[in-house]
Amino acid sequence: MTSTRYASPSYNGKIKAKAFRYIQILLCTLLTIGCVFPLIWLVDFSLVKANELFGKNFLVWPKKPHWENYYLALTDGKVPQYLVNSVIVTFVSVGLIVLLSVMMSYGFTRMKWKMSKVFLNIVLLGFMIPIHATLLSNFITFSRLNIQDSPIALIIPYVAFNLPQATFIMTGFMDTIPNAIEESALMDGCGIIRLLFTIVFPVLKPAIMTVIITSFINVWNEFIMAATYLTSDRFRTLPFSIYNFAGMYSSNYSAQFAVMTLSALPSLVAYVILNKHITKGIAAGAVKG
Amino acid sequence: MDKIRRNKFVIFFLVFPGLLVFTFAVLYPIFMSAFYGMTDWKGIGEFNIVGFENYRKVIFEDKVFRTSLLNAAALAFFTVFIQHPIAMFFAIITDKIGGKLESFFRAVFFIPCVISIVVTSKMWVNVLNANYGLLNKFLEAINLKFLKQDWLGHKDIALFSVIFVIMWQGFGYAYLIYYSGIKGIPEELLEAGRIDGANSWQQFIKITLPMLKPVILVNVSIAITASLKQMEPIYLMTNGGPGTRTQFVANYLYMLAFNAQKYGYANAIAVVFVIVCLITTVVVQNIFKSKD
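From first to last, the protein sequence lines stand for chains A and B. All the letters of the first sequence, read from the start, carry residue numbers 1 to 289 under the numbering used here. All the letters of the second sequence, read from the start, carry residue numbers 1 to 292 under the numbering used here.
One chain only, chain A, in its complex shape:
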């Protein structure tokens, strides 16, 4: 008697726990659909004729995929050229962000000078300044200096606007690591540049990873500065190409969707490969920011 009385609630409990688990998985699956379905829809309709979009179905089976949409994207959409531009701008910007933020953070946290806190706070002020408030003035400045419509016009502001967060992450990390190794290296007469490259950089690796990831996502996807500071086609980056192409082929939705799919692909692939690092890096960067 007693044993069944005790057994039954725990049996019920087990069923309940299982039911809960299925409900949880079901809810997550629904959210997954919410996150991904519009993207699947996009890819789907990039593979069919443009007018199929006006049909009744919300997904169509592309019996014979219309690859000519992608052909159009690659030729008239100039996706390869924009991709190269994006890669160059992103590579240079992220490299500079890492280099400059490590140097600055070392200067702010390890060097001994009176104004270090003041200057650090000035840089951190950048967190609060909206990019868009600088667009008008920078547009004029860049054209006066004749650097508008060149990759430099993107790289400079990209670096500048990512420095506050990068510096914040780096200084936060530097504060947590002991400087005994640096001390002894300096005692042995190691110069500051060699110290940075042989000792500081390796120690900062996790923080550098975070900075690379957050600034990569920011720079790779940046649109409004690219649309403002560049006036000719030559240096345009991927996000702008979609905007441009949508204007050119305003009624050819499938071709537009093909360009969008191709533009989304590189960062999506990078995300799938690096997903663990990215989620960790973003979470660390955001919580510290």
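Think of the hints as simulated: they come from the structure by calculation, not from any bench. There are no misleading hints in this set.
On the chain A side, residues computed to face chain B include the following (Cβ under 8 Å):
(1) L31
(2) N221
(3) Y243
(4) S263
(5) A264
In the PhoX-like style, the derived pairs of lysine-lysine whose C-alpha atoms are separated by at most 25 Å in a straight line are:
(6) K3/B <-> K114/A
(7) K56/A <-> K137/B
(8) K8/B <-> K114/A
(9) K213/B <-> K280/A
(10) K49/A <-> K137/B
(11) K205/A <-> K280/A
(12) K280/A <-> K100/B
(13) K63/A <-> K137/B
(14) K213/B <-> K96/B
(15) K100/B <-> K18/A
(16) K280/A <-> K183/B
(17) K262/B <-> K42/B
(18) K16/A <-> K100/B
(19) K100/B <-> K14/A
(20) K56/A <-> K145/B
(21) K56/A <-> K148/B
(22) K183/B <-> K205/A
(23) K137/B <-> K64/A
(24) K96/B <-> K280/A
(25) K96/B <-> K18/A
(26) K117/A <-> K289/B
(27) K206/B <-> K16/A
(28) K96/B <-> K276/A
(29) K96/B <-> K16/A
Derived, one-sided and incomplete: chain B residues facing chain A with beta-carbon distance under 10 Å:
(30) F89
(31) I93
(32) F109
(33) V125
(34) Y132
(35) F171
(36) K183
(37) T225
(38) K229
(39) V249
(40) A250
Quick caveat, the model's predicted, so the values are computed rather than measured. By construction, the Cβ of each residue, glycine as well, lies at the ideal position given by its N, Cα and C atoms.
Starting from the structure of chain A, add chain B where the hints point.
Showing chain B alone in chain A's frame:
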């Protein structure tokens, strides 16, 4: 050794390049805007100094500027009270699911965040399109035809559509921050709660929520300042329309400068905008600091 740490040349070498770039592209333009804001410049040609007239107009007379701030407030409100509870809820249940499924869901929820805003915005323009959009087709399919709308064109609905898209795009960030907060709660605490006979709801109220407080504060303050700074989705989806129903400050000043040739006035808005952002950040931080 201390000599090197105090060496002015070394300090200069380390700090100057970064400061130079930052000053040139972030600080200097704000000061230049403050100056341009005192002119009637059209972006080309000659201009006159008009003093603080532009600033006065922005602060006291400009209705569109006010609408833009209200829209940002609406976005912040919906983000904090709708997106965040959902994000927190899913952070908790994915944590409970565990194993490979947990990593899978976590990875998928973040996908919209890694895709360019241009792609997602243009995608949603198509999803929300009145004629061929996915949403209207879906409503038709489930016999809710009467709900069909011109989602981005209707004057009373457009703002909510825009807010929805921004919340959809940013969901992964909010989720991930809560998720990493939940991962930081020591398992023993929850275990102790269970042993004391707390059910899921009690556990959430008594343990999870208080432990998450710092993370919630960070997340909410990010949401508020980010709402103020929204531009790209608006620029790409509605450009502020219909009328000024979905206007946001950044998009408004951009339109004025580059489409309406009111360059001087737009710069005045830019400066006021920076000040509003600074004040908001400081106020939010202080409120949260006193609560912490």
